[in-house]
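*Asks:* Residue numbers (the working numbering), protein chains in the order written: chain A, 1 to 223; chain B, 1 to 314; chain C, 1 to 145.
Hints listed in this document are in silico derivations from the structure and should not be mistaken for laboratory results.
Listed next, the in silico DSS-like pairs over lysine-lysine satisfying Cα-Cα at most 27 Å (straight line): (1) Lys7(A) - Lys123(B); (2) Lys82(A) - Lys58(C); (3) Lys84(C) - Lys46(C); (4) Lys84(C) - Lys7(A); (5) Lys2(B) - Lys14(B); (6) Lys214(A) - Lys129(B); (7) Lys123(B) - Lys232(B); (8) Lys129(B) - Lys115(B); (9) Lys182(A) - Lys115(B); (10) Lys84(C) - Lys58(C); (11) Lys115(B) - Lys7(A); (12) Lys7(A) - Lys82(A); (13) Lys121(B) - Lys232(B); (14) Lys7(A) - Lys129(B); (15) Lys115(B) - Lys232(B); (16) Lys129(B) - Lys182(A); (17) Lys192(A) - Lys221(B); (18) Lys58(C) - Lys7(A); (19) Lys54(C) - Lys7(A).
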Amino acid sequence: MIIAEWKPIAEIVARLEGCRNILVAGCATCVAECAAGGEREVESLAPLIQMALAQRGYPVEVLTATLERQCEPEFIEPLFPKMETVDAVVSIACGIGIQTLGDRFDPVPVYPGVNTTSLAVREQPGRWSVRCEACGSCVLGDTFGLCPIARCAKSLLNGPCGGTRENGTCEVNSDVDCIWLKIYERAMARGKLEALLGIQPTRNWSNSRHGGQKVMIREDLRP
Amino acid sequence: MKPRAGSRLEKVLKAGEFAVTVEVGPPRGPNAGAVVAKARILADIADGYNVTDNQTAVVRMSSIAASKILLDEGLEPVMQMVCRDRNRIAMQSDLIGASALGIRNVLCLSGDHQKASAGGKLKGHPGAKNVYDIDSIQLVSMVAGMRDRAVQEGGDPLTEPTPFWIGAAWTPLAPPTSFRVFRLAKKVQAGADFIQTQAIFDLHAFAHAMQQAVDLGITEKTFILGGIIVPKSASMLRYMQRNVPGVVVPDVLIDRMAQAKDQQQEGFAITLELIAGLREIPGVKGVHLQAIEAEHLLPEIIQAAGLLPRPSGI
Amino acid sequence: MHETPAPRIVVLYCSRGGMSATEAKSVYEQVSDGPVHLVAMPCSSKVDAPHVLKLLSKGADLVLVLACPEGACQFMVGNVRAEKRIRHIQQLLLSAGIENKRVGLVRGDSFHTQAIVEQVTAHVKAAIESTPRSLPESLSVSPIA
Chain A
1 MIIAEWKPIA
11 EIVARLEGCR
21 NILVAGCATC
31 VAECAAGGER
41 EVESLAPLIQ
51 MALAQRGYPV
61 EVLTATLERQ
71 CEPEFIEPLF
81 PKMETVDAVV
91 SIACGIGIQT
101 LGDRFDPVPV
111 YPGVNTTSLA
121 VREQPGRWSV
131 RCEACGSCVL
141 GDTFGLCPIA
151 RCAKSLLNGP
161 CGGTRENGTC
171 EVNSDVDCIW
181 LKIYERAMAR
191 GKLEALLGIQ
201 PTRNWSNSRH
211 GGQKVMIRED
221 LRP
Chain B
1 MKPRAGSRLE
11 KVLKAGEFAV
21 TVEVGPPRGP
31 NAGAVVAKAR
41 ILADIADGYN
51 VTDNQTAVVR
61 MSSIAASKIL
71 LDEGLEPVMQ
81 MVCRDRNRIA
91 MQSDLIGASA
101 LGIRNVLCLS
111 GDHQKASAGG
121 KLKGHPGAKN
131 VYDIDSIQLV
141 SMVAGMRDRA
151 VQEGGDPLTE
161 PTPFWIGAAW
171 TPLAPPTSFR
181 VFRLAKKVQA
191 GADFIQTQAI
201 FDLHAFAHAM
211 QQAVDLGITE
221 KTFILGGIIV
231 PKSASMLRYM
241 QRNVPGVVVP
251 DVLIDRMAQA
261 KDQQQEGFAI
271 TLELIAGLRE
281 IPGVKGVHLQ
291 AIEAEHLLPE
301 IIQAAGLLPR
311 PSGI
Chain C
1 MHETPAPRIV
11 VLYCSRGGMS
21 ATEAKSVYEQ
31 VSDGPVHLVA
41 MPCSSKVDAP
51 HVLKLLSKGA
61 DLVLVLACPE
71 GACQFMVGNV
81 RAEKRIRHIQ
91 QLLLSAGIEN
101 KRVGLVRGDS
111 FHTQAIVEQV
121 TAHVKAAIES
131 TPRSLPESLS
141 VSPIA
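Sequences are here, hints too, so could you generate the full structure?
*Replies:* Take a look at the structure:
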């Protein structure tokens, strides 16, 4: 799922001073999965905002809404009547949802209540770990299903650097295993070491942000 | 055989002499005088002088600039180039510039991640965007293409080839140890003419790794120089053992240092033993010496190791 | 003299700790420092951030959770989870700069009336006296003697 984390609350609140009616909007999909923007988080953030602003001398009315998905117009539209009196929105959906709301309800400002970081999996309760960087040129077929672009701090393609610690973790982030060690172990377990012996050539990064804002078109699906 | 770059390091290695390279760290400011001073201390003691490239992600005078200063002082630099900070466009541009300035040796490295910041001792720039457009093996290929076919990575021609003696690094003792020699083989296949290893303190383990390299025929195609860091204290050895991946320090060495009356003197003695030990290992064609922030120790060490004067008339 | 209004306290207590409804009522009558509302929970682990924060934003000044001792939870680790959640809520309040609202957790074998009255009184006092911007020590986990 797309993962995000709360911005420091003080940072969020600083933007809202002077507002009378605030809407805290969440999303029940990715950010709910990573405990950042679902209903529970919306209903926690709303009273925090209310109390913080009250303490600073700004009494506010805080409304809440948790949409099924904040990136779909059909799910956003029902918010429209609530928006009549709202003078600011704090969205704790991912960056996509924040912008979709912002576009629909322009000129009401939609502030991000989270920092969206990447595409991850929940490894254990309370621990999410990135799996994909949306690089646009997937090499999982060459690396036995383990992504070195997302999971190697240096996005190396030809095996590990000299920074694999004795215990197999990465010298940059001791919280994670050296992914190249894991790729090697899989290759060996499957008897396919030779797949790692050839030189992987330089990558074409252009099918991602590096090539400019990415727009994907499917002619067969266009109206 | 036609020289690839005609550098002194290339000539010494091809002549079958045991080569010596040392490391020079550039200053954290535009102080050309500091580089000149180091050059004067280190003159005539090595066949190549490695100039680091923002090592541990700490901003220092650029490798290309410091290399040129060394060159002007009569020393032949080994310009280190990392993949962390520059994309292939900038790297090729720098390589062309380095070649134009007379630099003939380059060491291709992935480079420490910017979170390194001198092991957390300096502020550094941990928030910088990293590049890693290509990895060290692809860099070796790229330099080889520029040298042998006068072609850029993307396919466009260069007006002239860039003659470089191309180096790469090897960390044989980091996990997975059984894969390290295969990765070394890839570097050689990509075009690495010489290899400098991560610092060795465990000669036995290194000898084992070297045997694997010999068995794979790697030592026929490239020249391997064993890396040595001059130890200054037991705490330095403990630090490296604990914090530097791929550096394996046997306990017996740490104990020896800890019990020594004069740790600097003991470090000196250990260095000499390591150099002597390396020379015994089949396939090792030279030594790469690093005395971190203490380059002034190097002349005495190399002298005591019986490696001076450096061969002449080569 | 400027009179500070009496703090309003909500006590969320684990009903398996053994406090009867009568005892609960008598706590309410005995705490003299301010209005105390007692709410029975099937387990302290049912305490949750949205619930507690809503209580605080709607007028409570202090939410105190009474949980069973470690190892004594009917639901195994419920009381451990409760502690984690209370600490998390404390962090949220701190990071939002909310100084006049408190939350805490206290453990005990059985919550007989007198002990609760003493605990609540002590915490109310601490809440009034503690300096702003710090997490008062007495409001982190502390066992009932």
